[in-house]
Amino acid sequence: MALNEINQGGGPGDAERDPGLDRLYRATGREEPPAHLDAAILAAARREVGARPRPLSSTVHRWRVPVSIAAVVVLSVSLVALVREEGGDQLMQVPPPASVEPPDARPAPAAPTASEMKQSRPPAAVPAPPRRAPREDARDAPVALGKMTDGFASGAAGPTASQGAGEVSAPDAAVRSQPRAFQDVPSPAERRAAAAEASPSTEDSTARAPAVAERRAAPPASAPATEAAGARSTMQARKEAAPGDDRLPVWHGYEKEPPQKWLDRIA
Amino acid sequence: MSWSAESSDEELMLLYRDGEAAAFDALYARHKGGLYRYLLRQCRDAAAAEELFQDVWTSLIRARAGYTVQAKFTTYLYRLAHNRLIDHYRKYSHVAMVSFDSEEGEAITELPDARERPADDALDARRQAGRLLELIAELPEVQREAFLLQQEGGMSVEEIAYATGVTRETAKSRLRYAMNRLRHGMREWR
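Going down the list, the protein sequences come from chains A and D. Going by this note's numbering, the first residue of the first sequence is number 1, and it counts up by one from there. Going by this note's numbering, the first residue of the second sequence is number 1, and it counts up by one from there.
Chain A extracted, bound-state conformation (with noise of 0.2 Å):
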């Protein structure tokens, strides 16, 4: 073999490998381990795998991330399970919302529970506070119902006597530029019950036109001035009412009235 063959396949600084080199050395002899020796290796390799075998702890370790995997996403799964029963259950414990709303939180439309709850309550009961009304108003409707009372109490019947005819117009008009806490139409409930109530009255009623025209033909009789004074401060009271406030209806004071007076009341 040349020896320009030891210098082919690589320059002279390749040292990661040289063909000839290689092709030198493959030459060379190929000595191999003594047969004794292959046998006292390949038996202490078996005797090795005989004497302990498999061991356990690899098999474990083996498995030991996919146990870990599966143990994870069971425990999370049942995990999300139980929270959902949970906040289930809680959802259906709680309360309706409707019970527990704040006073002011309730909606617009009140005038028609209002009047649905005029017709359950008598009356002469005083109503409960209505539902969008502030509670001042519930302080003042005794004041005022007070005030009312006490107009109605005194007899007041009308006008006083100072009063003339000329003047006779002019509650009348006033009447009319009531707010509309004086104006508010009672149900037709309220007005049967209320007629109902004034029944013992109906004769004095249907005496009651040819009344009023005698009352609007002549001046008036004198009555006390604290009657149209008590008169003046429950409409006043009336007035200062809240509008549509309608926990005093508009007949109230006048049942304890004769209808003749609440004809010279109108007048």
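Quick caveat, the hints were computed from the structure, so don't treat them as lab data. Do not take every clue at face value.
[As the list claims (entries may be wrong)] Taking lysine to aspartate or glutamate pairs in the EDC-like style, the calculated list, with each CA pair at most 16 Å apart, reads:
{"no.": "1", "chain 1": "D", "residue 1": "72", "chain 2": "D", "residue 2": "10"}
{"no.": "2", "chain 1": "D", "residue 1": "32", "chain 2": "D", "residue 2": "55"}
{"no.": "3", "chain 1": "D", "residue 1": "32", "chain 2": "A", "residue 2": "32"}
{"no.": "4", "chain 1": "D", "residue 1": "32", "chain 2": "A", "residue 2": "31"}
{"no.": "5", "chain 1": "D", "residue 1": "172", "chain 2": "A", "residue 2": "16"}
{"no.": "6", "chain 1": "D", "residue 1": "172", "chain 2": "D", "residue 2": "158"}
{"no.": "7", "chain 1": "D", "residue 1": "32", "chain 2": "A", "residue 2": "38"}
As the structure is a prediction and not an experimental result, all values here were calculated from the model.
Got chain A; can you put chain D on it based on the hints?
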């Protein structure tokens, strides 16, 4: 788990770890010759080489339970052989040798004078091979080991570095010096 002739060395070793004795038989058959020659070329004594050879395989067998694939099997095997060889050199310190840490390292004996060779003798392949073996034997230990790991173990520079516990540049330098000396020795053989 079954294995075949195409199974890798790592697969066979894992099978043996799990109790397959036949897998070790196949693994041993693949690498016994190269490991033996690696040890034989460095010890220059057959008895010592056989002793070292058996120690290396015994160490491998005993470590089977904790075997994990961290590198090529050949790298793992020749690393065991390298460590065992170091122990052998330290034990028999009377053998004059260059420190294993020296990359260049001088040869123990000088190269024979080429002029002493009969010029008319035709060098057949076998005699060139013999000459090469002589040159290999005269290499510094670290260079010789690097060259043998490349030839017998089929290892790359990186694998040689891992097996011998040095950096890649150190392994590359050792291998380069070894090959240069062998080329020079064979060039002069004319």
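Against the structure, the hints:
Annotation: proposed proximity of residue 72 (chain D) to residue 10 (chain D) holds, straight-line Cα distance about 7 Å (limit 16 Å). For the hint linking residue 32 (chain D) to residue 55 (chain D), the alpha-carbon distance of about 13 Å falls within 16 Å, and the restraint holds. This hinted pair checks out: residue 32 (chain D) and residue 32 (chain A) have alpha carbons roughly 7 Å apart, not beyond 16 Å. Simply put, residue 32 (chain D) and residue 31 (chain A) have alpha-carbon atoms about 10 Å apart, close enough for the 16 Å limit, and the pair holds.
The hinted pair formed by residue 172 (chain D) and residue 16 (chain A) meets the criterion: a straight-line CA distance of about 7 Å does not exceed 16 Å. With a CA separation close to 8 Å, the supplied pair residue 172 (chain D) and residue 158 (chain D) stays within the 16 Å bound. About 9 Å separates the Cα atoms of residue 32 (chain D) and residue 38 (chain A), which keeps this hinted pair within 16 Å; it holds.
When held up to the earlier numbered hints, the structure conflicts with none and fits them all.
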